[in-house]
Amino acid sequence: MHLCLLVVACCSMSIVYMLACTPKGDNQQLALPRVHSPTAKEGYEASLQEREEQHHNYIISLKKQIAQLKAELQGRTEQLKNMQNQYPDSLDIQLDHSKLEKAQANLLAFLRSQVDKAEVHSGVKLSTEYAAVPFESFTLQKVYQLETGLTRHPEEKPVRKDKRDELTEVIELAVGSLNKPDGVSKAKPHVYTASDFVEGIYRTEKNKGTLYELTFKGDAKHQFKKIVLFRPFGPVMKVKNENVNMADTLINVVVPLAKRASKFRQFMQNFREVGIQQDGRIHLTVVYFGKEQMNEVKSILENTSKSANFKNFTFIQLNEEFSRGKGLDVGARFWKGNNVVLFFCDVDIYFTAEFLNSCRLNTQPGKKVFYPVLFSQYNPSIIYGDHDSIPSLEQQLIIKKETGFWRDFGFGMTCQYRSDFINIGGFDLDIKGWGGEDVHLYRKYLHSNLMVIRTPVRGLFHLWHEKQCLDELTPEQYKMCMQSKAMNEASHGQLGMLIFKQEIETHLHRQKLSSKKT
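First residue of the sequence shown: 1479, per the numbering used here; consecutive thereafter.
Some clues are possibly wrong.
Distance condition first, Cα-Cα at most 30 Å in a straight line; then the derived BS3-like pairs of lysine-lysine [to be verified]: (1) Lys1718 - Lys1580; (2) Lys1979 - Lys1879; (3) Lys1684 - Lys1595; (4) Lys1814 - Lys1879; (5) Lys1769 - Lys1737; (6) Lys1979 - Lys1945; (7) Lys1620 - Lys1922; (8) Lys1595 - Lys1686; (9) Lys1658 - Lys1686; (10) Lys1639 - Lys1620; (11) Lys1639 - Lys1737; (12) Lys1878 - Lys1716; (13) Lys1845 - Lys1814; (14) Lys1577 - Lys1541; (15) Lys1684 - Lys1635; (16) Lys1784 - Lys1737; (17) Lys1542 - Lys1703; (18) Lys1684 - Lys1741; (19) Lys1641 - Lys1718; (20) Lys1639 - Lys1716; (21) Lys1577 - Lys1595; (22) Lys1846 - Lys1716; (23) Lys1784 - Lys1814.
Since the hints were derived computationally from the structure, they do not count as laboratory data.
Could you put together the complete structure from these sequences and hints?
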């Protein structure tokens, strides 16, 4: 029964819109030139052709809107079915099939209420400047953005397909609305195109919707047409409710290493406290390059094994030049047990038990891989000044803009099931030295059907260490290394204080002299 009603509703909407496309009645005929007027036959035909093209474009626009409305109606009907038991109070929706029209009316009323709640018709009182949701602006070619994302570009062509499609749809809808005959004016209408678009602004309130304000050229100089559009968000819908048991989910932490025995000792302290004592469902694979400091590293590993009664570790030694990608690839393929979660890690990483759970919860064989954005620590000597005032490591690991930054350009720390890593083809083993291998693997996952979970996590930290950019690196690798080195030291404000240290000291000295005189 509800299917029949849906079909009837769709047909009704189609008929209404198609009626809008039919020619006007006798009392609303187009003001075309008369055949025997001075404009002659050519002028009449040209005018007729122009009007025909206008109505043809309008019909195409209406047909597109009808198709969109049909799809929207079908989608909303499915949503209404699912919301029967979820939102009976907030939406007052009773999905009795005999009352489908009422349910649809209630949904439309809810969507209209979203417009009223948002700052569309009037402003809303805000408590502080931080509560304001800023607009971003755009033209046909560029988007000017405050949230610059990974590209760091304050202006750019929309890189993400969803953003391009969104803005294109909005401009097309605005053009169609402007070209819709008003049925009143008999003057020759101006046919708007995308080339008349001047600029637009938009912003999204996450619980209400997205507001768009678009400006087009008007009929004369200094005149403009403004279109305001709003994309309301619907109510939250339950998609899945499941129990997840991670009691037997083992994580194999794979660490490539060359020298750096002191850093490995610090890493093992964290691994023992968190991985062994708190979590307990963990394996460690160390892939060591060369022989220098190898015995010291093996001794640290064996001492931890004895003192913590920990046997779940593997030590692999390779007599070749260090390659992070090669080390991780060898460590992942060496595993001979059941399918396991691989956590690709570096020796200068600190993780918590909460992160290990996130690693498990955000990976699923054949479906999901996890790319956490870790918090990168600034140079403690710059942050805390005097060496004697530097707090303990645990006290340093707080997430604030003065202490570090989200390392959103780094893709080296990742969790995935071994089966997914093998199926994707592993690392590119032709990449040597620092950088590049992690991005290559990341792109492989993006090009696959696997869902990539990318999110900041509060329990994963990159510990500061002095970075050495070797001469053996390629020009591109060396540039990436130097950029990373610059970002690791301190915030812009802290670096500015160092650069202008002399000016600050001079100012303080003058202030001191001035106070003595008074």
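Worksheet item: So which of those numbered hints doesn't the model satisfy?
Response: 4, 11, 12 and 18
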